[in-house]
Amino acid sequence: MSLLEIRDLKVCYGGIVALNGISFDVNESEIVTLIGANGAGKSTTLRSIMGLVPLTSGTIFYDGVKINGMETRKIVEMGLVLVPEGRRVFPNLTTLENLKIGGYLQDSKNEQKALEHVYELFPRLQERHWQLAGTLSGGDQQMLAVGRALMANPKVIMMDEPSLGLAPLVVKDIFSIIRKINEEGVTVLLIEQNANVALKTAHQGYVMETGNITNHGPGRELLENVDIRSAYLGKSK
Amino acid sequence: MRIKRNTLLTTTVFALLVVFLYWLSANRMQNGMLVSVLQKGVIFALVAVSMNLLNGFTGLFSLGQAGFMSIGAYTTAILIIPVKSLDGVYYMNGVHPGIRALKMVVADSPAFVQSIFPFVALLLGGLLAAGIAAIVGVAVLRLKSDYLAIATLGLSEIVRAIFSSPQFDQITNGSYGLNKIPTFPEMAWGLIPSLLTPFIVVGFCVVFILLLINSSYGRAFKAIREDEIAAEAMGINLYKHKSMSFVVSSFFSAVAGGLLAMYMRSIEAKTFSITMTYDILLIVVIGGIGSVTGSILSAFLVTIAKEWWLRFFDQPLFFGGWQVPLFRTGFRMVIFSILLMVVVLIYRKGLMGSTEFSWDRLIGRFRRTKNSEGGAA
Amino acid sequence: MSTILLKTEHVTMQFGGVVAVDDLNIEIPEGKITALIGPNGAGKTTAFNVITGGYQATNGRVTFDGHVIGENYPRSKMKKIYNGTYKTLNEHQVINTPDKITRLGMARTFQNIRLFKDLTVFENVLIAMHGHIKAGMLRSTFKLNKEEELMMNQEADKLLHSVNLHMHRDEKSSSLPYGMQRKLEIARALATGPKLLLLDEPAAGMNPKETEELALFIQEIKETFSLTVFLIEHHMDLVMDISDKIYVLDYGKTIALGTANEVQNDPAVIRAYLGVEEA
Amino acid sequence: MSMTTILQHCLTGISLGGAYALIAIGYTLVYGILRLINFAHGDIFMMAGYFMIFALASFPWPVAIIITLVVTTVMGIGIERFAYKPLRNAPRMSIMISAIGVSYLLQNLSTYLFTAIPRGYPELPYLKKIYQIGELSASFVTILTPILTIVLVFVLMILVNKTKTGMAMRATSKDFETAKLMGININRVVSVTFAIGSLLAGIGSILYFTDRMSVTPFSGTLPGLKCFVAAVFGGIGNIPGAVVGGFFIGIVETLLVALGYSTFSDAFTFLLLIIMLLVKPTGLFGEKNVEKV
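Chains as they are written, first to last, in the numbering used here: chain A, 50 to 286; chain B, 2 to 378; chain C, 8 to 286; chain D, -17 to 275.
Hints may be right or wrong, so weigh each one.
Unchecked claim - Some residues of chain B that are not near chain D, with every Cβ distance over 10 Å (derived):
# : residue
1 : 34
2 : 86
3 : 94
4 : 106
5 : 107
6 : 313
As the list claims (entries may be wrong) - Computed Cβ-Cβ distance ranges for the label pairs, DEER-style:
#  : chain 1 : residue 1 : chain 2 : residue 2 : range
7  : D       : 71        : B       : 83        : 55 to 63 Å
8  : B       : 20        : D       : 169       : 53 to 61 Å
9  : D       : 70        : C       : 171       : 36 to 44 Å
10 : B       : 146       : C       : 127       : 19 to 27 Å
11 : B       : 209       : A       : 187       : 55 to 63 Å
12 : C       : 268       : A       : 187       : 31 to 39 Å
13 : D       : 266       : A       : 187       : 24 to 32 Å
Hint data in this document are derived by calculation from the structure and do not stem from the laboratory. Glycine included, C-beta positions come from ideal geometry on N, C-alpha and C.
Bound conformation, chain A alone:
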């Protein structure tokens, strides 16, 4: 049984169909990626899993439990977290406070352990623990957003475009961290525009186009077999 099972997920905003009945699975301790051009419905998928967007129909199972309709904080409590698009760190809180708020539901012992772990992964965050998060560079903010999510001791971490707006070198760092987190046993569901990197990193990949899943397979195979380019840049004339 998969850790996360999405069945016939359908979401409409007003009259717009954002997700047109998609289904996919995320197996335990895998990295799974959803790729596709902007507006394909990737973010909506993650947001609906977290209970931020009401579903029109469909079901979401996490660890065998149906979680659609649950409050977001209950879902977080069960070990499912989201690193939102655009980082969304709390600019008026310090780096350390941002991390602590990520561990809001943890008791102080677990929080301390998680904090040490995050500092190990991101030494820069320790260096800058006193700095207001709003003043960090884009790359550091992304690190902070990931670190903050890890503070909840998650079983599954979902990331919405972690490479957005970051310089190539930083993107490389982020992906090596993603692999490291995964090696430690955390399941990762990743949304990316940066298809090359994402598919190379992921065990499983799904291609999304306008609210539908159009292709799927193991990451590297998908990269080699499918004309990913046309999903992004259109068919050549």
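Following the hints, position chains B, C and D against chain A.
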């Protein structure tokens, strides 16, 4: 066919209204309460409609109505208090010589001028308020939603402070207020009795506002309400149109204020406190934000219910020897506030929502109920 | 050589420490369809907002149809006085509000449809014509400009006919299906009488079939209304189909410029979209 | 005016300012989280005045104070649950109207229950004791108010800046949705905010009315609006800003009254508001928000 029927219905209703008002005028002694609530209702209908123009049609949440009403009320009152009453009114501090001089000129003018002078006074009150609105609009209209609300509320308080301040004693009579204000004048050489005057004035004003709302400018106001950014992108100058709506709304609030002064016969700055703005807001909300007919209907309903029908809430009520609890002074207003909260929280659309009254709908609804009754039987 | 209708010179837009648009130089030839593409967060919508007057550029100049519609140079500080009017502190500054730019002949649509939801289709179109009204408020209220009003009504009807929305004339705009709302938004923009039409992701949320129809529609109105079109789009099929000229933006900078084929095979563009090969 | 008189007025002003500051904090906290002007806040303050009158009629003063504060706090939380929470996703105008509606309801309810005739506020002998400092004389409450205000603000700042709940409040004020993603219970945070605001309004009410002798159903309206202005003046959402604003308005108002412009003292507050919004809309210490199209 249908259009003709609707025009016919509307004309009939208005004709009946006029007949009724003439009858009321002839029998006003026996119907004092009815006359009083209808006149007050029609005055509040005008303020409510003008507040709705701003809040409901232009999307500017303004709470300055009482302030602009007070400008109209004071201007009108100062202008129409008869010369012979001046010393009695301003018995504490005396009257400003300029005002006295102006009044002498009016008193010496031909009868025709004197007969229309009260209307000129209403107009001047309106224009003064409009002018002030135009000036302060430059400052406050750049503010968004709640800031605009609090700034206009503040404005209204500033106006009130000025009217009641001792520094303007000789004009506004400070904290003593003004009295001996003549009631509504007759119109058309007595053909139209004074009882009808507020209805006619308000009628003209509401027709103007309706025409404005249905004009190209009114559509631009609605566009601003719906989406400022899109409206601006469609070539609508935001500041200019917001300012227009603010000025027009202030003008009519002031006219209503002037009428209120004639109705109450005596005014003081306290009358135009924040509570009055809240009362008007209540009327607008109950009637439906964005509906002129809703505001008018609600103004009458609220006024009549508050001043008349629901009076019994404030009286001790006895069943045999048992006194019903709760019924005593103030209970009526509690009921009212609860009603308002129910509308705000549950029936958010009020009586009319943002639609206007139409015969088609009324008849349609009537038919439906009849059909469903028939079906049940 | 066709004439250049819109030109941006060294346009830069900074928010706090973030440079959203960095030294943008765009030339839009009259009568052509030009597209601006780029990955998410590349600064496309910001560029649009600078051009239409929503933002004042931190630096640079925008020229449209012979008018300098926005100009600003470093160290000059801008001051917004109230909604819509700006104080000029520096002779190099030209600041126009969006409404004025629209009246000069540039109309736009929005990424997340911004129709006047509670109003009818017909009213939506009429409002867009209000910017050019000659009568003042009083004249218009008392219906003394009958001819003008009549003309506006006829124009609006004609426009709705020409975009095939006339059967929905008196419906609330929010009750239209999504694709039609997009179409209405374009029709509304056309009602302002533009020379240049800016489309911000017109195909967002559309399926391939609807997108294809939209491509045809854009080309059609371009001909009927002799427009110049400038669009931002993510549906590459649409962009590649209809654009004469494509600018590619990444990190606020122009990284490529050319025809569809040129851009599609440009390594810099592929890198921007699909990421670097090695990681 | 002699130096002593001026100092005397300043002392009164500082004391009034202290009470204003406590009420202003309630506005600033609620606005910070919900972006709502809680029009009913001034009326909560007024109701607290009545609670104290009735509590003191049957209990010794320490118990009465505790009862008053508890009831006021519960009322604040209740109002949010009942009148604001159902409208959290409604347009801004609806929730503002609801706030005005609650204010209207509280005023009418208290007129009904307690009549519009001013009720004498009970004198707490300890608070009313007169002290002589050089040529100045002041009752204990006059001296206590600013000191207590500063202490409470200090405690509040620790709460907001050093505790987990405070952190959650700051996070929620910036970004509702991300706060949810952290597992924060938004409804609880909002309730806590209203609780703190109402508690401080309750304390402010005791200090304020002890100096004013009587309460009417409309006693809360003007002080309420003034305190909102104080919050805007200091920069809405900023606690020290609200305190500075409260003291400033309290002192200026007292001086204006002393100079014989008492009718203008209210007008001044609003003039200050309008000028501030025009010159520096973010207030003295407010942070700038970039508006996105």
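Okay, the hints, checked on the actual structure:
1. 34: holds, 23 Å
2. 86: Non-interface label stands for residue 86 of chain B: nearest chain D Cβ at 25 Å, farther than 10 Å.
3. 94: holds, 14 Å
4. 106: holds, 31 Å
5. 107: holds, 30 Å
6. 313: Its Cβ never comes within 10 Å of chain D, the nearest being 15 Å, so this holds.
7. D:71 with B:83: 55 to 63 Å: Holds: the Cβ-Cβ distance is about 57 Å, inside 55 to 63 Å.
8. B:20 with D:169: 53 to 61 Å: Holds, at about 58 Å.
9. D:70 with C:171: 36 to 44 Å: For residue 171 of chain C against residue 70 of chain D, whose Cβ atoms are near 40 Å apart, the range 36 to 44 Å holds.
10. B:146 with C:127: 19 to 27 Å: holds, 26 Å
11. B:209 with A:187: 55 to 63 Å: holds, 56 Å
12. C:268 with A:187: 31 to 39 Å: holds, 33 Å
13. D:266 with A:187: 24 to 32 Å: holds, 31 Å
Violated hints for the displayed structure: none, as all numbered hints are satisfied.
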